[in-house]
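Residue numbers (my numbering), protein chains in the order written: chain P, 1 to 358; chain E, 1 to 333; chain Z, 1 to 504.
Careful, some of the hints might be misleading.
[Claimed, not checked] Derived lysine to any residue pairs resembling SDA-like cross-links, with alpha carbons at most 25 Å apart: (1) P:164 with P:199; (2) P:353 with E:29; (3) P:70 with P:110; (4) P:353 with E:164.
These aren't lab readings, by the way, just hints derived from the structure by calculation.
Since we're looking at a predicted model, the values are computed, not measured.
Spelled out from the first residue to the last, the chains are:
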Amino acid sequence: MKSPNRSGQAKARLLGLAAAAMLLVPLAAAPACASNGLFVVFMPPGTDNYLAQWQKGARAKAKDLGYDIKIIESSRDQAEQDSQVQQEIASGEKVDGYIWWPYVNAAGTGSLRTLSKTGVPVVFTNQYPIAGTEKFWTAYAGVNDFLNAETAAKALVKACGESKTVKCDKGLIITFPAGYSAGSDRMKAFKKAATGLTVIQEHDAGFMAQEGYKTAAQIIPAHKSEISWVYTESDSLAEGVIQALKENGLHPGVDVLVVGGTCHGDTTNLLQGELIGSGIQAAYLEGWSSVQTAYKAVKNGKVIDGETYLPANTDKPPSDDGPVHRFNFIPNPWVGNTQADLDAFRLWGYGFKELCNY
Amino acid sequence: MNSLRIVADRLQAGSSGEIDPNVAARRRRAAQIMLTVGAILLIALGGATTPSFLTFDNAMVVIRQASVTGIVALGMSYVTISGNLFALSAEELAILTACIFGWLMRAKFGLALSLLATLIFAGLGGAVQGAVIGLGADPIITTLAFGGFFRGLASVVSGNQNILLGTNAAEWLGTARPLGVPTQSWAFLFLTPLAWFVLQKTRVGRVLLLTGANREAARATGLRVDQAGLIGVTLLGICCGMAGISAAAQFGQAVANLFQGLNFDVVAAILVGGIALRGGQGSPIQAALGAAFIALLENFMLLNDLSSGWRMTVVGALVTLATCVFHLLQRRR
Amino acid sequence: MQNNDVLRMRGIAKRYGSLTALHGVDFTLARGEVMALLGENGAGKSTLVKILAGLERADGGSIEIDGQHVRLRSPVQALHAGVAYVTQELSIIAPLSVAENICLGGGEPHAIWTARALRARVQPYLDLVGLGGIDPAMPAGSLPLAQQQLVEIARLLSRNARILILDEPTAALSDAEIEMVKSVVRKLAAEGRSIIYVTHRLGEVFEIADRVTIFRNGRSFDPVPVRNLDIDELIEHLLGRRLEQMFPERATSLGPPVLALREVTAPGLRRPVSLDLHRGEILGLAGQLGSGANAILRAVAGVAPYDGGTIAMRGRTINPRSVREAIKLSIAYCSDDRKRDGIFAVRNLYETFTSPALPRITVGGLLSRRREVQLSSELASFFEVALSRLDTHAGKLSGGNQQKVALGKWLGIEPAILLVEEPTRGVDVGARAEIYRHLRKLASQGLCVMFASSDNQEVLGLADSIATFFRGRLVRVVRAEGIQPEELLRDVTHPDESQPGMAA
């Protein structure tokens, strides 16, 4: 720099660093007053919409059960999360159960093992556990990405069969970023279940509508004469794809059928028939059910091998009693694309708007 | 971003002893030649190998892709040319302005008022950083810290939810295509010559250029060097605001994790455009061409089905190459 | 002599783009001699020594050292061949000790250096450069600049340098320090090493060099033994024409006082100073580095505002706290480091010339190209800078032209007072005379000029009145005609306190 004042600059640098450091300090929630016990959650930061909703669900269920909950977010990497685990255990706090959402699944195995040695239940959530780590966790609670994509594939095949304007043949897949395991799980499951459909190109884009648009806008012109369907791994991505289709003179829902995955708050595309429907993957319920699973594991102690799908009751949430399974998946119901469909939708007492508000 | 810092230091250290003005001209020529030759090769290669590459539709796509990055790169070129390297808070400020615009629209302030308030806020967001840098703080560190602040604030404003604008009033800003060209591209095509004009033909621009060329001489000549830095970052802020508004308007929603990787894209446009990091040289047009070239390259790779990892690798390699070439030019006399 | 040549360079050519820096130059250097290199800026002497030091590659020609062909592609290769290059920008690392600096990069195969081993290793070289008395363990950064320069020379000697290139070694030094450097140079030559001494100071050539090689327009002349030359001949050689008069006529009459300093104290001054500057006058502040001469200029210019006494301009007290404020008062200031803050090296001359006077070329916030061209042409014409060069970058100009631009830009604000530090530092002889002439022309048009200089000849030749400074205080103020060179030299180096006529 051409600054004349070296020391002033150094000082300002320090100030800048200090400010940066303060902003990066993770905000850990302090436990409330006396209660039935304490659950500790390790997870990536809640600055992401999905994770923020997850936290809301988890806190609500913990309050409901009379438990304190402490959510420790790591904002940078697996190393940071590992050190958070070390510190939490070293604090000697009495904990009744841990909920584990690793920053990087494979790299977090060491910390998972450390947690398992404490002797209290460890509930794995959101990320599907890696084979070989079975000894280190008590139960899995959360989404089933395979189911999510399978549901979407079946809905697409069904819509293709019913459509009078499109004969489904070739199509595109737009996915989450490369390396994101939920994305590859969904793609595999979709391809397996989408019988009779040909994939021309599959491209990773990101999570947001902007990213979906950016990728789709570039691919679609080359293929606009042959595309009959598009699968995107979330409704947000789909929103961008729909815009790109329209810009290329294609009418989603008429010329091309678009199917997404995880629902989101903007129902415009759905109600205009541009999306054939939506899969309900509620972050709120995933957080909710993770805490419930931890609670059941503490109370019951017994874990049944195999997997279970929590019932997709419309108004009653699953009971707090009874044993847990090794895998406890939250339901992933499909909803159609009319206002009536949306209004009629209920899951565990929540409506579409409440569950897809991110 | 550490590596950027080091590169910047190196470039400056390389020039601190003897200033060789030949470098400036040679560098600009080299940048123009590299970009022109690169673009011609790429277009020829693309035309020969990729059927849909040389079409009007695809040209529009490339321009559209270059536009948002390009608009922010125009603003960033002011920061670089005024001698303050980069503001690494562009991405975060764009996110924050998108969220603020979304919030204002949702709260029914109306399109005109929301636009105005958002742009004013974006300018202020830039001005505050410019003021801190003007006090002698390191621009990279300062903007890095502000970036964290903006991102956090965006998270708070949005409550980590998708802010739905709840009205179509702003939609045309993000999706309309007057005469077949997207609004963002109109803005880009209009702002590029404007940015050039302001820098070359106005007194403010001259002060900015001279300050970037030699801060000490500018101060000794009685120019307001602190103002020059302030204006540079403020204009960048306004450009970020436009990017934010465009994104929020396009989908009628705003969320705190938009604009992934925008900072890198913008810095890449500056470097590939060949704007000298030590300031006082170069033109916003170079930044615009840098952005356009990268968009063209990305498009070519996407159409050839290269994965995002490969695309990132190639663009990163291009930036490295550009940096090395300009650095070598700077050393050779 | 032929067999005694340690270095022979033949037909060295170098082009930079369209500019030919060297047209096949020959150069020889004998063992144990001090060879002065003289030439105006751009004559090619710097290019030649850079080629020899491995910093530049020649486009043609051959280099022999001790009769062996050598290729000098990098400073490391040059040093390996025995060539060492000492510039004004030293490579001393301030926090390291003197001994460590000397051994730095030496690559001696020792696993561990103890302090004692280091000391023993470096002592001979320190003795050689006349620093035998200093403690090798002290941090090099704590030494004065001249001694740092000597440490650097010691370092190069320890790497067995037999050909030393000293590039303007005395430019930034005080008189006493210059003496030290000179004596080391003589000693090294007596030891059988050869020294290439690049300088602008003609006086030094006679004091130190055995022979002198003169460069002009990219060509070199055969070396001339110094004892066969006198200074007029030397100047004639340099310029290729006889320089009738370096300095212009003095002012015939002075106007009323414009600037009055009364008991002024300021950073860099140890005693209060009182001075008057008249309309049309050139006042020379003579003094070595740190004498306080520059402090006066900086106080008036608002760079280092004064803290006691008064400064009045046309009867009104002024107190500029910054350069901006001084400019508003029509006071212009050129520092002694024009590269740092005098010119915009990477911008063209239009922009540099008009930089202080942007309001004059602006109409409603927009720059008027017409006014810009008009103003910069006016200023360029006044200072005799070719109009065809207005389009080139300021940094491309020779030192003399750069100084003309650095000075000339201030005319745009129509200043009443022009303050100049070291008006001709690093400027070749030809351009020097021009700058003196221009300053005189300005003064005769009613401007007040106050300059500070450590070059006594310059002060004597240019100024109407002379104020001499020594160690932060004003020694005396005299009319230029009333002082002999010897008196001036004594004032600025070791004034006799008891002499009458001294300021308190």
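Structure-based check of each hint:
1. P:164 with P:199: Measuring from Cα to Cα gives roughly 21 Å; hence the hint holds.
2. P:353 with E:29: violated, 57 Å
3. P:70 with P:110: holds, 21 Å
4. P:353 with E:164: holds, 13 Å
In the structure shown, a violation is registered for the earlier hint numbered 2 alone.
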